[in-house]
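Participant: The lines below spell out each chain.
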Amino acid sequence: MSEPIGEVKTTKEARVIDRNETKGEEGKHKYSIIVPTYNERLNIALIVYLIFKHLRDVDFEIIVVDDGSPDGTQEIVKQLQHLYGEDRILLRARAKKLGLGTAYIHGLKHATGDFVVIMDADLSHHPKYLPSFIKKQLETNASIVTGTRYVKGGGVHGWNLMRKLTSRGANVLAQTLLWPGVSDLTGSFRLYKKSVLEDVISSCVSKGYVFQMEMIVRATRKGYHIEEVPITFVDRVFGTSKLGGSEIVEYLKGLVYLLLTT
Amino acid sequence: MKHIVKILSLLLAVSAFWIGLLQAAIIPPGYNTWLLPIYFVVSLGCYGLLMVGLGLMQFPTCPQEALLLQHDIAEAKDFFKHKGVDVGSD
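If you read the sequences in order, they're chains B and R. Quick note: the first sequence, position 27, residue 27 per my numbering, numbers continuous. Quick note: the second sequence, position 77, residue 339 per my numbering, numbers continuous.
Think of the hints as simulated: they come from the structure by calculation, not from any bench. As the structure is a prediction and not an experimental result, all values here were calculated from the model. Please note that a few of the clues may not be correct.
As the list claims (entries may be wrong) - Stretches of chain R that chain B covers, calculated by requiring three or more beta carbons in the stretch to come under 8 Å of a beta carbon on chain B:
| id | stretch |
| --- | --- |
| 1 | 272-286 |
| 2 | 323-335 |
| 3 | 338-349 |
Stated by the list, open to error - Examples of chain B residues lying across from chain R (beta carbon under 8 Å, computed):
| id | residue |
| --- | --- |
| 4 | His-54 |
| 5 | Arg-56 |
| 6 | Gln-81 |
| 7 | Tyr-150 |
| 8 | Val-156 |
| 9 | Gly-169 |
| 10 | Val-237 |
| 11 | Ile-248 |
| 12 | Leu-255 |
| 13 | Leu-259 |
Unchecked claim - Below, computed lysine-lysine pairings styled on DSS-like, alpha-carbon distance capped at 25 Å:
| id | chain 1 | residue 1 | chain 2 | residue 2 |
| --- | --- | --- | --- | --- |
| 14 | B | Lys-78 | R | Lys-343 |
| 15 | R | Lys-339 | B | Lys-53 |
| 16 | B | Lys-53 | R | Lys-343 |
| 17 | B | Lys-128 | R | Lys-339 |
| 18 | R | Lys-268 | B | Lys-128 |
| 19 | B | Lys-135 | B | Lys-152 |
| 20 | B | Lys-253 | R | Lys-345 |
| 21 | B | Lys-128 | R | Lys-264 |
| 22 | R | Lys-345 | B | Lys-78 |
| 23 | B | Lys-78 | B | Lys-28 |
| 24 | B | Lys-253 | R | Lys-268 |
| 25 | B | Lys-53 | R | Lys-268 |
| 26 | R | Lys-339 | B | Lys-78 |
| 27 | B | Lys-97 | B | Lys-30 |
| 28 | B | Lys-30 | B | Lys-152 |
Glycine residues also receive a C-beta, built at the ideal position from the N, C-alpha and C atoms.
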């Protein structure tokens, strides 16, 4: 694993960021929603519609980071820009599939909000939960609000027994080894203070869902205030993709890596 | 401090305590040194399995969400049809 690049803030500095940002003005927040896409021609339109539907009185922008989708995703986004305004929907595409972590970093560069939301483009994350993320953050002044599927009020649909078993087993193992402070480690529906995301992302080097785990564990280690809200997760792609042996090995390797380096 | 260091120090402290008990002969001599540690590891394993089983039984599901999602999708498609945005099909 390569060395992390960029400044890595200490726990004390993390607490200062937590405190300083209470001095910001109430009600003058802007939320930058970063949605990495690849071949999500239909879903990106649906997501944009639902975000506008559920965030009526909120100042936000949607940053679509498309990795050169061949299915016409970018054309659809341009039509959406025409409909909703180029200041509300930003298309910041890349030439080819370059990975999730770099997609967030790329999106971050163009974010003008003081908060950043990351979510999946395949409609497993429903925009109707965005108000509850925002409310939770305003109530608690948390640095990170993460969605959890594993508590009462949350849930998953579309998983068979085997998938639930591996999820639960993975969760118990991770909780025992890492003491992460959150109930859903691999979830990727999160709201961050922009400066916090910049700080955490600069010290993460993993790929895929281990990257999501690394982000939240590093944030916990640095002492950032993290809150959770229940979300429901409708998995429409599970039937087509399988959780094979190689995914399990990747996960275990990720756990050991996090155990030794965080 | 790295997490692994925290865990190792915890294990070290517990082992030191256990060895201390043995040395001070608080435990009767002839008592198998490894008996309690083995019990501890096995019960940790059983606890883990219990947590997995319980979690599996109580795994929160939301079948109604799939239905609600279908409604949302239909609503969105309808909206775009009226606005002339061609979203194609899934």
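Participant: Take the hints in turn and mark each one as holding or not.
Facilitator: Each hint, compared with the structure:
Only residues whose C-beta sits within less than 8 Å of a C-beta in chain B count toward coverage, and the stretch 272-286 of chain R has 0 of them, not enough to reach three; the restraint is violated. Beta-carbon proximity to chain B at under 8 Å applies to 8 residues in the stretch 323-335 of chain R; the threshold of 3 is reached and the given coverage holds. Closer than 8 Å: that is the beta-carbon criterion, and the stretch 338-349 of chain R has 8 residues meeting it against chain B, so the requirement of 3 holds. Against a cut-off of 8 Å between C-beta atoms, the interface hint on His-54 (chain B) is violated, since the closest Cβ of chain R lies about 10 Å away.
Annotation: Arg-56 (chain B) was flagged as interfacial toward chain R, and the flag is violated, the nearest CB pair being 15 Å apart, outside 8 Å. The interface hint given for Gln-81 (chain B) is violated, since its Cβ lies 11 Å from the closest Cβ of chain R, which is over the 8 Å cut-off. The interface hint given for Tyr-150 (chain B) holds, since its Cβ lies 7 Å from the closest Cβ of chain R, which is under the 8 Å cut-off. For Val-156 (chain B), the suggested interface contact is upheld, since its CB lies about 6 Å from the closest CB of chain R, less than 8 Å.
Residue-level restraint check for Gly-169 (chain B) holds (minimum Cβ-Cβ distance to chain R is 5 Å; threshold 8 Å). The interface hint given for Val-237 (chain B) is violated, since its Cβ lies 11 Å from the closest Cβ of chain R, which is over the 8 Å cut-off. Annotation: Ile-248 (chain B) was flagged as interfacial toward chain R, and the flag is violated, the nearest CB pair being 15 Å apart, outside 8 Å. Because the beta carbon of Leu-255 (chain B) sits about 11 Å from the nearest beta carbon in chain R, more than 8 Å, this interface hint is broken.
The closest approach between the C-beta of Leu-259 (chain B) and any C-beta of chain R is roughly 5 Å, which is under the 8 Å cut-off, so the hint is satisfied. A hinted pair counts as satisfied when its Cα atoms are at most 25 Å apart, and Lys-78 (chain B) with Lys-343 (chain R) qualifies at roughly 16 Å. Proposed proximity of Lys-339 (chain R) and Lys-53 (chain B) is supported: the alpha carbons are some 13 Å apart, at most 25 Å. For a cut-off of 25 Å, the pair hint linking Lys-53 (chain B) to Lys-343 (chain R) stands: about 16 Å separates their Cα positions.
Distance check on the hinted pair: Lys-128 (chain B) and Lys-339 (chain R) sit about 17 Å apart at the alpha-carbon level, within 25 Å; holds. A distance of roughly 40 Å separates the Cα atoms of Lys-268 (chain R) and Lys-128 (chain B); the hinted pair therefore is violated under the 25 Å criterion. A C-alpha spacing of about 18 Å is found between Lys-135 (chain B) and Lys-152 (chain B), which places the hinted pair at or below 25 Å, so the restraint holds. Distance hint between Lys-253 (chain B) and Lys-345 (chain R) is unfulfilled; the C-alpha atoms sit about 49 Å from each other, more than 25 Å.
Between Lys-128 (chain B) and Lys-264 (chain R), the direct Cα distance comes to roughly 38 Å. Violation of the 25 Å bound is thereby established for this hinted pair. Distance check on the hinted pair: Lys-345 (chain R) and Lys-78 (chain B) sit about 14 Å apart at the alpha-carbon level, within 25 Å; holds. The hinted pair formed by Lys-78 (chain B) and Lys-28 (chain B) fails the criterion: a straight-line CA distance of about 28 Å is larger than 25 Å. Our distance criterion of 25 Å between C-alpha atoms is met by Lys-253 (chain B) and Lys-268 (chain R), whose separation comes to about 20 Å.
For the suggested pair Lys-53 (chain B) and Lys-268 (chain R), the alpha carbons sit about 47 Å apart, so the restraint of at most 25 Å is broken. The suggested pairing of Lys-339 (chain R) with Lys-78 (chain B) holds, with an alpha-carbon distance near 17 Å, which does not exceed 25 Å. Simply put, Lys-97 (chain B) and Lys-30 (chain B) have alpha-carbon atoms about 28 Å apart, too far for the 25 Å limit, and the pair is violated. Between Lys-30 (chain B) and Lys-152 (chain B) the alpha-carbon distance is near 30 Å, which puts this suggested pair outside the 25 Å criterion.
Going down the numbered hints, you'll see the structure goes against 1, 4, 5, 6, 10, 11, 12, 18, 20, 21, 23, 25, 27, 28, while the others check out.
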